[in-house]
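*Asks:* Here are the chains, one letter per residue:
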Amino acid sequence: MESYNAHIATNPKVEMVLLSRDDSEDDATAWAKKENMPWPTLLMEDTDSDFLEPYNLRLLPTYLLIDRNGKQVATGKAEVFEKIKETAK
Amino acid sequence: MNTKILTSSLILLLTGSGFSRTWTSADGAKTFEGDFVSSNANSVTVLKNGRKLTFKLEILSKEDQDFVAEAVKKAAAEEADNQAVADFKDSDLGKFLKKTQKFSGSRFKKHPIETVPEYFLLYYSASW
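Sequence lines, in order, name chains G and P.
Just so we're aligned, residue 1 is where the first sequence starts under the numbering used here, counting upward by one.
Just so we're aligned, residue 1 is where the second sequence starts under the numbering used here, counting upward by one.
Do not take every clue at face value.
Said to hold, decoys possible - With a straight-line Cα cutoff of 25 Å, these simulated DMTMM-like cross-link-like pairs (lysine to aspartate or glutamate) come out:
1. P:K98 / G:D50
2. G:K71 / P:D87
3. P:K98 / G:E53
4. G:K33 / P:E114
5. P:K102 / G:D50
6. P:K95 / G:D46
7. P:K102 / G:E35
8. G:K77 / G:D23
9. P:K89 / G:D48
10. G:K83 / P:D81
11. P:K89 / G:E53
12. P:K110 / G:E86
13. P:K99 / G:D48
14. P:K89 / G:E35
15. P:K102 / G:D23
16. P:K48 / G:D50
17. P:K98 / G:D26
18. P:K95 / G:E2
19. P:K102 / G:D46
20. P:K110 / G:D50
21. P:K102 / G:E2
22. P:K110 / G:E79
23. P:K99 / G:D26
24. G:K13 / P:D90
25. G:K83 / P:E118
26. P:K99 / G:E45
27. P:K109 / G:D48
28. P:K99 / G:D50
29. P:K73 / G:E45
30. P:K56 / P:E33
Everything labelled a hint here was simulated from the structure, so no lab data went into it.
One chain only, chain G, in its complex shape (with noise of 0.2 Å):
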């Protein structure tokens, strides 16, 4: 939640979605409410499998920065966050 504040919440050049890997919907709504989860969210429910295929996620959670033609930018939390902080300069 501090990354996203620091460097996600008011930044235009960036949206964070998080790729619900909850198996029930109680379950997403539950930790949403918990974390007061301020960005949008993609319910496992409505995900399409397939899309993902090429982006080889396995690990939770994994952090992936596509750019808006879906093309893969940054992998893993670093350097995602390094990334994003480029496009604040």
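With chain G fixed as given, assemble chain P onto it according to the hints.
*Replies:* What follows is chain P alone, placed relative to chain G:
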């Protein structure tokens, strides 16, 4: 993503409210009050006393011409943004993100992507 090219003679339609101003002739001798309505490359249409009047830009003051140029620029930018959003929604990524929701109050509510940033951070995670 392809962005459509705007035509050279962009015609803007703006409602009268909020664009009322004093217009001045190029020589400064005459002024009148009117609402900016629309513009193209060479002329501007103004609503004056309930009537639409069209003037060639060249007979208006430089300040007025600059105002119109700025309005054209803003409208073009808005048109480009709207087109970018429309193009994005048709893209694979746009379709993938079509069903995003945002937590509000006590539940998730539909939250379609309405602006298109340069980047998306996809945070792949779970509560457990």
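*Asks:* Each of the hints needs a verdict: does it hold here or not?
*Replies:* Results of checking the hints against the structure:
Between the alpha carbons of K98 (chain P) and D50 (chain G) the distance comes to roughly 15 Å, so the proposed pair stays at or under 25 Å and holds. About 16 Å separates the Cα atoms of K71 (chain G) and D87 (chain P), which keeps this hinted pair within 25 Å; it holds. Under the criterion of a C-alpha separation no larger than 25 Å, the hint pairing K98 (chain P) with E53 (chain G) is consistent with the structure, at around 18 Å. For the hint pairing K33 (chain G) with E114 (chain P), the CA-to-CA distance comes to about 24 Å; that is within 25 Å, so the pair holds.
Taking the CA atoms of K102 (chain P) and D50 (chain G), the gap is near 23 Å; set against the 25 Å cutoff, the hint holds. Distance hint between K95 (chain P) and D46 (chain G) is fulfilled; the C-alpha atoms sit about 11 Å from each other, no more than 25 Å. Note on K102 (chain P) and E35 (chain G): the hinted pairing holds, with a Cα-Cα distance of about 13 Å set against a maximum of 25 Å. The straight-line distance between the Cα atoms of K77 (chain G) and D23 (chain G) is roughly 24 Å, inside the 25 Å bound, and the hint therefore holds.
Distance hint between K89 (chain P) and D48 (chain G) is fulfilled; the C-alpha atoms sit about 15 Å from each other, no more than 25 Å. Distance restraint check for K83 (chain G) and D81 (chain P): the Cα-Cα separation of roughly 24 Å lies within the 25 Å cut-off, and the hinted pair is therefore satisfied. A hinted pair counts as satisfied when its Cα atoms are at most 25 Å apart, and K89 (chain P) with E53 (chain G) qualifies at roughly 20 Å. Between K110 (chain P) and E86 (chain G) the CA atoms are separated by roughly 31 Å; this puts the pair beyond 25 Å, and the hint is violated.
For the suggested pair K99 (chain P) and D48 (chain G), the alpha carbons sit about 10 Å apart, so the restraint of at most 25 Å is met. A distance of roughly 29 Å separates the Cα atoms of K89 (chain P) and E35 (chain G); the hinted pair therefore is violated under the 25 Å criterion. Taking the CA atoms of K102 (chain P) and D23 (chain G), the gap is about 17 Å. The hint holds against a cut of 25 Å. This hinted pair does not check out: K48 (chain P) and D50 (chain G) have alpha carbons roughly 58 Å apart, beyond 25 Å.
Of the pairs offered as hints, the one joining K98 (chain P) and D26 (chain G) holds, with about 21 Å between alpha carbons and a cut-off of 25 Å not exceeded. Distance check on the hinted pair: K95 (chain P) and E2 (chain G) sit about 29 Å apart at the alpha-carbon level, beyond 25 Å; violated. At roughly 13 Å between alpha-carbon atoms, K102 (chain P) and D46 (chain G) fall within 25 Å of each other, so this suggested pair holds. The hinted pair formed by K110 (chain P) and D50 (chain G) meets the criterion: a straight-line CA distance of about 22 Å does not exceed 25 Å.
In summary, the hint linking K102 (chain P) to E2 (chain G) is supported, as the alpha carbons are separated by about 19 Å, within the 25 Å threshold. Of the pairs offered as hints, the one joining K110 (chain P) and E79 (chain G) is violated, with about 30 Å between alpha carbons and a cut-off of 25 Å exceeded. Using a Cα cut-off of 25 Å, the hinted pair K99 (chain P) and D26 (chain G) holds, with the two alpha carbons roughly 17 Å apart. The suggested pairing of K13 (chain G) with D90 (chain P) holds, with an alpha-carbon distance near 20 Å, which does not exceed 25 Å.
A threshold of 25 Å between alpha carbons decides the hint, and for K83 (chain G) with E118 (chain P) the separation of about 12 Å falls inside it, so the pair holds. A distance of roughly 10 Å separates the Cα atoms of K99 (chain P) and E45 (chain G); the hinted pair therefore holds under the 25 Å criterion. Restraint check for K109 (chain P) and D48 (chain G): satisfied, since their Cα atoms lie roughly 19 Å apart, inside the 25 Å limit. Taken as a hint, the K99 (chain P) and D50 (chain G) pair is honoured in the structure, with Cα atoms around 15 Å apart against an allowance of 25 Å.
Between K73 (chain P) and E45 (chain G) the alpha-carbon distance is near 42 Å, which puts this suggested pair outside the 25 Å criterion. Note on K56 (chain P) and E33 (chain P): the hinted pairing holds, with a Cα-Cα distance of about 17 Å set against a maximum of 25 Å.
Of the hints listed earlier, those the structure fails to meet are numbers 12, 14, 16, 18, 22, 29, in rising order.
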